[in-house]
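So you can see what is in the structure, the chains are spelled out below.
Protein chains: 2
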Amino acid sequence: MRIMLRVSYDGREYCGWQFQPGEKTIEGQLNMVLSNIYNTDIKVIGASRTDAGVHSLGNVCVFDVDQSKIPVEKLPYVMNNALPQDIRVWQSLQVDDDFHPRHTNSLKTYEYRIWNADFPDPVKRYYTHFTYRKLDVEKMREAAALLVGEHDFAAFVSAGSQAQTTVRTIYSIDIIEEYPDNTLNINNSNSVNSRLIVIRVKGSGFLYNMVRIIAGTLMSIGSGLKDVNDISLMLESGKREYGGETAPACGLTMIGIEFL
Amino acid sequence: MRIMLRVSYDGREYCGWQFQPGEKTIEGQLNMVLSNIYNTDIKVIGASRTDAGVHSLGNVCVFDVDQSKIPVEKLPYVMNNALPQDIRVWQSLQVDDDFHPRHTNSLKTYEYRIWNADFPDPVKRYYTHFTYRKLDVEKMREAAALLVGEHDFAAFVSAGSQAQTTVRTIYSIDIIEEYPDNTLNINNSNSVNSRLIVIRVKGSGFLYNMVRIIAGTLMSIGSGLKDVNDISLMLESGKREYGGETAPACGLTMIGIEFL
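These protein sequence lines map, in sequence, to chains A and B.
Be aware that the first sequence starts at 1, since it is given in our numbering, and climbs by one per residue.
Be aware that the second sequence starts at 1, since it is given in our numbering, and climbs by one per residue.
Hint data in this document are derived by calculation from the structure and do not stem from the laboratory.
Just so you know, not all the hints are guaranteed correct.
Since the list gives no way to pick out one identical chain from another, each pair is judged satisfied if it fits inside one copy or across any two copies.
Stated by the list, open to error - List of simulated lysine-lysine pairs, DSSO-like, C-alpha gap at most 30 Å: (1) K24 with K239; (2) K69 with K202; (3) K134 with K43; (4) K69 with K43; (5) K69 with K134; (6) K239 with K69.
Please model the entire structure based on the sequences and the hints provided.
Here's what the structure looks like:
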């Protein structure tokens, strides 16, 4: 039987999702815990190979066992007992034996979270990227709109990708601003303009570092270092060097996957 | 001259705001950094003595110096250079020499954040309290409404308080539900009901552990362990034992202070 798991994790302490011998990885932890539970060698197949330091609220993987002595829906409790606190399994269910999380059409949601303020916020430092550069969100939205649809994203991939094609479809990019309560109604204040900017990207799938390159390029456009038209230049030329920096991993969270 | 600072911090590593010899405290860190900068012994006066493990987005303190060789508005940059990353000063301004942050009428906002779901969320674990008990938010709102106004909160204070009176005024308690995106549109799911419940309390001032006792009592009412009427019983009797547990520190954040 094939069992699907949904897994959330704090990526700070991990070298990413994908198993690497001798390194601490999410996949490695899941394999170890499942192999112990079922007393046989189990290897999960993941939906998204998130990078080192990237977080997730709901990555997906499947694995096969002859039979589960534990009721499938109880598996999260048993696994969480053995997993470290920065990984939690929150759903398990039996799926078709030929269900493959990377070969099934899906909608993946990622969020890149930016704390855009004069000063860092200690309680946000692990799960957002901080920048004091004022970002023009309207310009970022204009640039993001050019990325929506089916495009060749060759300029939005880091060296080391093993993808066979760089054509991908982005369904939507929403840029959301959230203003914290603590800066309201403070009299005589220095100029403090604090806000959280969330870049929410939905697509069928993403290339290596693609969301972080999108986030880095949109930030460059928002801060005026680059122009909205640089997006068109990137899409047309396929050249990575026209883009902004790859935004740091800590700001990226894989939100979840819907299978279509 | 008297200088006022607004300070945010991640309280996890600290024994609270208040200076204690030999312990790591927020006040102790600020005193040390300011004393080094001004090369004289400086002791800040804080507005709120938050407990061990409690976070803040904007606690306030003042201190006195004969003269500041650093332009007052640049002080956050100089202090943040010397402070650990879990404390950030984000505002500094000169105030009247007789301005005292505890003797000035103010509106203080605290938030108690609860991750109410079947499973913990790793990326929320440091800054929310997790409970899997289903909470009836409508009941919690009904109970919270009884606390708004001027009351004797003798039943809402832990032993060890040095307050001269237990009468306080709560201006408002809002209970906000936030539903995360990752649980939407997931087919065939186990029953997963995940949400963030934020108890936002505004008042003129709070007793020792008062917000955490309010949060713990509201959670007991929400989960059915206690009744809405227990709030009236607490207010009338002044007896702490009629209340719920003191909710854990990690869920509490001091949001900010407005001086009126």
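Hints, verified against the model:
| no. | hint | verdict |
| --- | --- | --- |
| 1 | K24 with K239 | neither (33 Å within a copy, 51 Å between copies) |
| 2 | K69 with K202 | neither (37 Å within a copy, 51 Å between copies) |
| 3 | K134 with K43 | neither (45 Å within a copy, 34 Å between copies) |
| 4 | K69 with K43 | within (18 Å within a copy, 62 Å between copies) |
| 5 | K69 with K134 | between (56 Å within a copy, 29 Å between copies) |
| 6 | K239 with K69 | neither (52 Å within a copy, 50 Å between copies) |
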